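K.L.:
Given next are the chains, with one letter for each unit.
2 protein chains.
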Amino acid sequence: MCELLAMSANVPTDICFSFSGLMQRGGNTGPHKDGWGITFYEGKGCRSFKDPKPSAHSPIADLVTKYPMKSETVVCHIRQANSGDVCLENTHPFIRPMWGKNWTYAHNGQLKDFQTQCPIKLHLPIGTTDSEHAFCWILDQLYYEFGAQQPSTVILFKFIATLAKHIDALGVANIIISDGECLFAYCSNNLHWITRRAPFGKASLIDAEMAVDFCKETTDKDIVTVIATKPLTDDEIWHRMSAGHWHLFRLGESVVCCDQDIL
Amino acid sequence: MCELLAMSANVPTDICFSFSGLMQRGGNTGPHKDGWGITFYEGKGCRSFKDPKPSAHSPIADLVTKYPMKSETVVCHIRQANSGDVCLENTHPFIRPMWGKNWTYAHNGQLKDFQTQCPIKLHLPIGTTDSEHAFCWILDQLYYEFGAQQPSTVILFKFIATLAKHIDALGVANIIISDGECLFAYCSNNLHWITRRAPFGKASLIDAEMAVDFCKETTDKDIVTVIATKPLTDDEIWHRMSAGHWHLFRLGESVVCCDQDIL
Numbered sequence: 005m006c007e008l009l010a011m012s013a014n015v016p017t018d019i020c021f022s023f024s025g026l027m028q029r030g031g032n033t034g035p036h037k038d039g040w041g042i043t044f045y046e047g048k049g050c051r052s053f054k055d056p057k058p059s060a061h062s063p064i065a066d067l068v069t070k071y072p073m074k075s076e077t078v079v080c081h082i083r084q085a086n087s088g089d090v091c092l093e094n095t096h097p098f099i100r101p102m103w104g105k106n107w108t109y110a111h112n113g114q115l116k117d118f119q120t121q122c123p124i125k126l127h128l129p130i131g132t133t134d135s136e137h138a139f140c141w142i143l144d145q146l147y148y149e150f151g152a153q154q155p156s157t158v159i160l161f162k163f164i165a166t167l168a169k170h171i172d173a174l175g176v177a178n179i180i181i182s183d184g185e186c187l188f189a190y191c192s193n194n195l196h197w198i199t200r201r202a203p204f205g206k207a208s209l210i211d212a213e214m215a216v217d218f219c220k221e222t223t224d225k226d227i228v229t230v231i232a233t234k235p236l237t238d239d240e241i242w243h244r245m246s247a248g249h250w251h252l253f254r255l256g257e258s259v260v261c262c263d264q265d266i267l
Numbered sequence: 005m006c007e008l009l010a011m012s013a014n015v016p017t018d019i020c021f022s023f024s025g026l027m028q029r030g031g032n033t034g035p036h037k038d039g040w041g042i043t044f045y046e047g048k049g050c051r052s053f054k055d056p057k058p059s060a061h062s063p064i065a066d067l068v069t070k071y072p073m074k075s076e077t078v079v080c081h082i083r084q085a086n087s088g089d090v091c092l093e094n095t096h097p098f099i100r101p102m103w104g105k106n107w108t109y110a111h112n113g114q115l116k117d118f119q120t121q122c123p124i125k126l127h128l129p130i131g132t133t134d135s136e137h138a139f140c141w142i143l144d145q146l147y148y149e150f151g152a153q154q155p156s157t158v159i160l161f162k163f164i165a166t167l168a169k170h171i172d173a174l175g176v177a178n179i180i181i182s183d184g185e186c187l188f189a190y191c192s193n194n195l196h197w198i199t200r201r202a203p204f205g206k207a208s209l210i211d212a213e214m215a216v217d218f219c220k221e222t223t224d225k226d227i228v229t230v231i232a233t234k235p236l237t238d239d240e241i242w243h244r245m246s247a248g249h250w251h252l253f254r255l256g257e258s259v260v261c262c263d264q265d266i267l
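Chains C and L, in that order, are what the protein sequence lines are.
So the first sequence is numbered by the working numbering: it starts at 5 and just counts up by one.
So the second sequence is numbered by the working numbering: it starts at 5 and just counts up by one.
Since the hints were made in silico from the structure, they are not lab data.
Where hints are given, some of them may not hold.
Where chains are identical, the list cannot tell them apart; a pair therefore holds if satisfied intra-copy or between any two copies.
When the alpha-carbon atoms are kept at most 25 Å apart in a straight line, the in silico SDA-like pairs for lysine to any residue are as follows [to be verified]:
#, residue 1, residue 2
1, K234, G88
2, K225, I198
3, K105, H127
4, K48, K105
Bear in mind that the values here come from a model prediction, so they are computed numbers and not experimental data.
All chains should be modelled from the sequences, with the hints used to inform the complete structure.
P.N.:
What follows is the structure, encoded as structure tokens:
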């Protein structure tokens, strides 16, 4: 399996602290040693750092922990391969353009019969993972449903939720999807999230000897949500998402979820 | 204007030496300080490093000079903005999927009337540069001409050459396009290339106090072509491309050019 990490914030925020914990799970405190990737959005643009090597021993991962890139939306994945070889084209997150935006996709889990259950035509995979295949299928379905014009946020992500459920039914699919502005998180069996806001406190990583006092890094107006497969800190309260549930985060807050609409 | 750098090799080769020279032109020995990007292919996969900040002062560029990533195809660009703001989404190279491959595009020059002369429909730009618009137009034309199936290499790149000429007629367009296997270089007014093969010699950078003895870095079978806006070394003989000419490189060698077919 793999591990997911994502962030949504209302101000450009770096993810050095959280990533410092997660990267240890790629070959050190965890077995997810088959590559890793992280995508940072800045406005409509985004940049990814990827390596098919273990994150715990990657000079590129080391740079990501030390060079604070400020972003409002981040998607990250460390991989333990079960579908597709260990190589660059099979490394998440996957990014594809649609409706004049960069769409990012990361998946934790494993799918069966995805080639027959999720036939694709318009968006062809480059690698050989079940994950990229499912992402291409989602993009095909979005085009069939909405054509050349992106619909409203709520309509779009409620439809994406039905697609995520379809994929989840083929096995296990914890899914993160983002267009840089919105961050959609679907829980199959393992996804946690925490929203940090004033009054900020301290936090200590589980996977590394590292603590931070968010008071010193933030202003009173900052709102930052972090989503992860497993909690990254041991002195904060994380929400555990239920199976089949999803949240849409925007500017650091949950704005729509499967139970309610509060956009 | 901007500067281009690209590499085609028959064995995975790092580009640390050439990039060490080029990056100095982004804010130090040259004025191309409005961002930079480099794309490394590994098989069908690729990874890019991008920064809207000057390459000469970028910690990410510093990593690229020190961490030898081996690749058979590399495309790099340092930007001096003239169309579109300085921001991540306007930073080259641009990458888009087509026919199950990653296509990479970098452009040096400036275009007029590109929105009316290169109308686009299927592939929508994310940023605001003339360059990304032209790339989207090329992809639209490829789809109209060949549909869902990639044609043979020679037919494809001869058609791309006609598209490059169309774009070049709108201003200045030195263009690099690659699918990871083939590297196409079109010269509008400024493009040089060199093919290094046994017996290898020494070379000294123009933009940094750095020299290399390729004998110590290579085997007798290695063939490596480097393409750049301006020569990067002052003790080797670079070919200057003529206006309107193009080359298709594969595995380090020019396999087709505008004058002849030798594939």
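K.L.:
Next, verify each hint and record whether it holds.
P.N.:
Hint check results:
1. In the homo-oligomer, the alpha carbons of K234 and G88 lie at most 25 Å apart inside one protomer (24 Å), although the nearest pairing across protomers, at 41 Å, exceeds that limit.
2. Only within a single protomer do K225 and I198 lie at most 25 Å apart by alpha-carbon distance; the minimum there is 16 Å, versus 55 Å between protomers.
3. Proximity of K105 to H127 under the C-alpha cut-off of 25 Å is found in both arrangements, the shortest distances being 15 Å within a copy and 11 Å between copies.
4. Proximity of K48 to K105 under the C-alpha cut-off of 25 Å is found in both arrangements, the shortest distances being 6 Å within a copy and 23 Å between copies.
Checked against the numbered hints given earlier, this structure breaks none of them.
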